[in-house]
Amino acid sequence: MEINELIQIASEHPSRTARDAGIARSTLNRIAAGKTQPSTDSLREIALTLGFDVEMSVRVAADPGAAQAVRCLLDSHVSEADEVWLARFERWGLEGRNLLERAGQLSNPSNQKGARFFGWAPSLNIPLVVAAAAAGASSGWALSGVAAENFWLGAHNPGPTLLWTTESDRTCDLLERTLPQAESLEPAGVAVVQATGTELVDRAADGQLFYAAPIQTALDLYGLGLDPTELTKGWFDE
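Quick note: the sequence shown uses UniProt numbering, first residue 1, plus one each step.
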């Protein structure tokens, strides 16, 4: 269960839950509204009143809100973002390339929830295969990763393909007919990730193919551990 699901259940009976958890009802309401963050102790007390418990763990960050916040700061096509992320970046004092790189690493598309992976197959144009599956499942999609970098630079470099799509399950069902599934993103493989925010904003069309905007492509490349310096040349005063 996700924390937000726990809080949603708790807010269905706020008075009783708050009383049993030893917190004010107003505090629970603010937590449910996203206006404040519960302490670890408070979160555990809330969970216990509902018959659950909380187990803390640490994982690699993969929050699409980080990328959206930076697009809001650097990209005129995006005007809204999570205020928490905006405040966080301001507090960190990051600017320019450092801001772009950090946000890309923190949004890390290959680690986002529900991401699925496919391997390379000989004699196939992987971006075209992926695009065909995406188009068959939905009109909301865009290629990113090295496939998009190659498009923007007019290059033909090898590397992983990332697909943002609003219909990831249907797209993967189609891809399974052509490409082998993989446990993680392979050097020349494919990652299919659900588009939930601004990933498709300002995508570019090239015939029947769609490519993520340059700034989204750069964010994704940083997230995949790659270096988009050539793509972002001239963006910042360096």
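Simulated from the structure, these hints should not be mistaken for lab results. Keep in mind the model is a prediction, meaning the values are calculated, not measured. Where hints are given, some of them may not hold.
[Claimed, not checked] Derived EDC-like pairs (lysine to aspartate or glutamate); straight-line CA-CA distance at most 20 angstroms:
| id | residue 1 | residue 2 |
| --- | --- | --- |
| 1 | Lys113 | Asp82 |
| 2 | Lys233 | Glu12 |
| 3 | Lys35 | Glu12 |
Checklist entry - Of the hints stated earlier, which fail here? => result Hint 2 contradicted; others consistent.
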